[in-house]
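Starting from the structure of chain A, add chain B where the hints point.
Just so you know, the protein sequences line up as chains A and B, in that order.
The first sequence begins at 1 in our numbering and counts up by one.
The second sequence begins at 1 in our numbering and counts up by one.
Treat the hints loosely; a few may be bogus.
Pairs count within a copy or across copies, as identical chains cannot be separated in the list.
What the hints assert, rightly or not - Listed next, the in silico DSS-like pairs over lysine-lysine satisfying Cα-Cα at most 27 Å (straight line):
| hint | residue 1 | residue 2 |
| --- | --- | --- |
| 1 | Lys205 | Lys43 |
| 2 | Lys155 | Lys325 |
| 3 | Lys155 | Lys324 |
| 4 | Lys29 | Lys65 |
| 5 | Lys35 | Lys65 |
| 6 | Lys325 | Lys205 |
| 7 | Lys235 | Lys84 |
| 8 | Lys43 | Lys89 |
| 9 | Lys60 | Lys324 |
| 10 | Lys35 | Lys60 |
| 11 | Lys105 | Lys325 |
| 12 | Lys238 | Lys89 |
| 13 | Lys231 | Lys106 |
For the record, the hints were derived by calculation from the structure and aren't laboratory data.
2 protein chains.
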Amino acid sequence: MTKVKHATIVGVDLGGTSLRALVVDSNNKVLGVEKDPTNAAQKPGGLIRDMAAVVERAIKTAGLKRADIAAVSVGAPGAADPEKGIIHKAPNLGWIEVPLAAELKKLLGLPVFVENDVSAGVIGEHALGAGEGTSELVGIFVGTGIGGGIITGGKLNGGSTGAAGELGHTVVLADGPVCSCGHRGCAEALASRWAMERDVRAAIKSGQKSIVLTLMEETNRTRMTSSIIAKALKKGDKVMTDVFSRSQYYLGILVANAVNSLDPERVVIGGGIAARLGEEYVQPARATAYEYFLRQADTERVEIRCGVLGDNANALGAVVTARKKLDQS
Amino acid sequence: MTKVKHATIVGVDLGGTSLRALVVDSNNKVLGVEKDPTNAAQKPGGLIRDMAAVVERAIKTAGLKRADIAAVSVGAPGAADPEKGIIHKAPNLGWIEVPLAAELKKLLGLPVFVENDVSAGVIGEHALGAGEGTSELVGIFVGTGIGGGIITGGKLNGGSTGAAGELGHTVVLADGPVCSCGHRGCAEALASRWAMERDVRAAIKSGQKSIVLTLMEETNRTRMTSSIIAKALKKGDKVMTDVFSRSQYYLGILVANAVNSLDPERVVIGGGIAARLGEEYVQPARATAYEYFLRQADTERVEIRCGVLGDNANALGAVVTARKKLDQS
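The shape of chain A in the complex, shown without the other chains (with noise of 0.2 Å):
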């Protein structure tokens, strides 16, 4: 099987805002990169045909041609199926059961696989970045909303059904804010990047005085986006500041019930905020977590990093699960 281990892979990261596309060298070398914004308006075959368009030219940046491509593999939001290759539901996109992995083969003539973004992105920065050389690892992504990923006994953990790791949606506090699923108290609706844009919006609106709306007009963002936050914390902003310093406090909170409950080696922080802010957004998470360690004595065991990978962990980490399924097929 050494053929296919040395393959050449497309990782595709399908986001809300937009879709990037990796092409790996079998050392895991970044030989190309493009991007796109993602148009979530059109249907289902609109933006799958824009993934093709865009998988195509970071080929063509890698000097490469689509003969030299092994596979293509994407990390998709929501509910997806890495068996049948289908999204079940990915409501930022407005996906309902798209088979995305037929859709794309046909247009690309090339295998295509697809998983879970989070789980891709976890999977990622274990096998490639902040994760490396553990066995047992929890990954916690902090963008507009909160996914994650465990890793036990060096593998992705997915429960009985693959759904395993909704740690953005396990309560923190019981009948805090209404999150995006409905329920109340999620990690999610109090740690991630829309629950700090309410925050924001609410402090203003209550006469607060904030710099952030205007740097949001200034860039022409409708979202208060990871860029923005870090502008406006460089600015020293308070209302941006004490909700930030709020987001981490209740992150920290969540690294430690995770860290309780599943005593992994590491745990890595990942996604747009600790891509963008790195140290900054994580020690005071850190921090928090030591706090609420059960075991103190884990605090010198267990590491709290921030991933490395960036923006394109979750294309690496779908090369890595498309890499595996290559070799075992």
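Just chain B now, with coordinates in the frame of chain A:
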């Protein structure tokens, strides 16, 4: 290894209030049970002598002799080290670094194994009880405190150091009441028996009427045991009913957190209260858990069952782990 597989083993539950020894034959049939109150005021050596005595009595009750027994296996509270047979720390016994297996072996002349009591309980329910037939299972045991255990791929998921499963010490109400561990808002501080007793006493102190303290006096109890809870509920005690219902709500949230994180096939709720009250205890917690499932379809699939092994769960689980170890040796 047929001989060993069919061995008769004594399982011991070293509980904070009672010592329990079960003689269990090759078909997991209980041939004899003996119990004694736990005298935790004495030094470890004294308590270990008490354990030896109750084991000897159970063997007699079963109509057997020491020579008929292949091993003794103890489910012990706190940080048990199954490899070394040592209890690193058991706060409710005042034990630190007690070489339990070696000491008990000296007294009985039989091989002795040690396992954490809640881990043993979950293994017991998984192998012989309400968790039978599952590959992915979560056990939540509610007693004085709350412990848990995770079965992954059919085996106890110990995490990286054997300490996984401390679901009772995951925060479900950030900044909530102080827990036995010193942190705030853990599930144990909201849903355990001691948390219920705290709330009942506070309600009575604030002037609410309740028969709980009278029931405790009548039966010479200093603690609000499961049987006191059951009696007070049966008499329609308003304080007890309210406190009980609140604890079931938080238990339900804890169950949902475990399901959303781990995607098990089933959750077993064990421990003293579940043993005493069964569905009266589990049903409202199940209703809350179902409400908090991220994937609503999981209510059709993920079962939440009451443990069926009752007070024997820990000792039976200890027997199961001993049998595996004997088979491997």
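Hints broken by the structure, by number, lowest first?
The structure breaks hints 1, 6, 7, 12, 13; every other hint is satisfied.
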